[in-house]
Amino acid sequence: MKQYYKRISMPARYLINLVLIIAFLAAGNAIVSGGVINRAQSSIILQVGIYIILAVSLNIVTGYLGQLPLGHAGFMAVGAYAGAIFWKSGYGASLPAGLSIIIGLIFAGIVAAIFGIIIGVPALRLKGDYLAIITLGFGEIIRVCIINLPSITGGTPGLMGIPKYSTFLVVYIAVVISCAIIHMLMKSRHGRAILSIRENEIAAESCGINITYYKVMAFAVSSFFAGIAGALYAGYQGLLTPASFDFMASINILVMVVLGGMGSMIGSIIAAAVLTSLPLALQALNTYRMVIYSLLLIIVMIFKPSGLMGTYDFSMSRILERIINFKQIRADKKAKKAGDANG
Amino acid sequence: MDKLVKVPSNALIPERDLGKLPILDIRHLGIDFGGLSAVDDFNLTIGRTEIAGLIGPNGAGKTTVFNLLTNVYHPTRGSILLDGKDTAGKKTYQLNKMGIARTFQNIRLFKNLTVEDNVKIGLHNATDYSMAQAILRLPVYWKEEKKAHEKALELLSLFDMQDMADWKAGSLPYGAQRRLEIVRALATKPGIMLLDEPAAGMNPSETAELMENIRKIRDTFHIAIMLIEHDMNLVMGICEGIAVLNYGRIIAKGSPEEIKSNPMVIEAYLGKKGGAKAHA
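Residue numbers (our numbering), protein chains in the order written: chain A, 386 to 728; chain B, 621 to 900.
Once the Cα atoms are required to be at most 20 Å apart in a straight line, the calculated DMTMM-like pairs of lysine to aspartate or glutamate come out as:
id	chain 1	residue 1	chain 2	residue 2
1	A	Lys391	B	Asp786
2	B	Lys788	A	Asp698
3	A	Lys512	A	Glu586
Residues from chain B that face chain A, not an exhaustive set, calculated with beta carbons under 8 Å:
id	residue
4	Thr712
5	Gly742
6	Met751
Beyond 12 Å from chain B on every Cβ pair, some chain A residues (computed):
id	residue
7	Val404
8	Leu410
9	Ile416
10	Asn423
11	Ile503
12	Leu516
13	Leu534
14	Gly540
15	Asn637
16	Gln668
17	Leu682
18	Met701
19	Ile704
20	Glu706
21	Ile714
If you are wondering where the hints come from, they were derived from the structure by calculation, not from laboratory data. These numbers come from a predicted model, not from an experiment. Where a beta carbon is used, it is the ideal one built from N, C-alpha and C, also for glycine.
Construct all of the structure, not just a fragment, from the sequences and the given hints.
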């Protein structure tokens, strides 16, 4: 935007966003707890929130770093079991619920991030399809380990009796904080370093960027939030079975990122919301449900291969600035058109 | 342009750089690719503020030398002293921090990012705040980002590119892309900048402008510049010391005049038979 357009100052931007976030929270809470929607619908809303965190976190590695890992559900599983075990343990149970939720989520994130680093260091030496295969393998290893450690994880039958901490409020706040942190990170020198690796590794390294460090860092941050989403999933389901974290779960998350547009956070959010709620919305169609779901994916990929939002970055303030400067922008466009016609 | 003088190690550097540690001191550098030695016994010393040229026929190993200097390839033999410090075993990004920056023969910009972000990535190590400070948007973040923004525009204005700051780097015209690569390299605050065919694909007037700009950069930032180039007008016009590479070996070193009249060089470029005239 040119200099003479009116700008919204930084503090005002944050204030506007904060007000909107709180307004959404109040509205959402009223809808969910006010009995406007039924149980199935409110449980879909929770799922949407969990999948938003998963898609946005995978987007760090897929969209921003430009790598293709296929084991995201593995990190989700690590976080889910870490959170569930903490909440079920004496430590978690002795704390007041609010504090227990916060510590459990952070603990789940940290454990998942540690796994992310352990797996990322060897895996990120590889690129493209090789990385995809190796992360796929690690994802499966995690799942098999969970099955074969029944004393800790409950094995195949699953882990039961997890306190159902994932209320609308908890999920909503977790989504907002996760998205905010990832956004703040990406709009900084560290974020630019991650983007530069996607764009051109050799050039990034010759610009003084430690690419190994930033690759592992992006991978760790991505698995941290996958872990948090996993813990929210545990608190939403109340029980965990290893089958929920298989290869297809990873693919589902990847589909959301690709469909939304790799490198677009708003794209990941929209795709996660649409793809999670679509099966429910199409329930009336019964058997044709999954056919329509698949067809929609194919249609989007044919007509918009870069994903729904491309690499578009959503900014509330930018939209507001457009509205306040509406008259000026229109006048400029007219002047430009007239100039083009004359020239 | 100063005349070249002999320094104790028998290397040649511009007179004004005498008494100062050379920015680059390369001794017996060599690399083998599966039994074939692509570069061998490469000796070169570059003064603090020298503009040096590396020329030679296609396939002579010029870009390989640049890759060796930035440790993209690790040398099989020999040593490189960058600002007096041995570069052996260092990673490419560490060498950049030690003061070596480069551009690429086939342009390697961050194409989907803006021009300003390209330069800011060059400023990565000059911008100083931690991840936590960025996430919490502490005052140091705003201060450093503002500094980076101003510095980026200042560097872009060297090439009159400040108005293109919001453009996608990939949408720039070819010449501007080459200039942006130089700006990005400069942003990393190098002691020596390696330019790999900076004038490739430029028309004569753009090349003339580039020559001016290379000199301007050297005079403003007091850095050394080493360039690979096929455009003999550019090389002979701005380089103080020139090394000629053929089949991975230096066949001649010296001032532009000496190189122009060197029979070995003429032979390497134009072949052995008599009667041919040197075009330079």
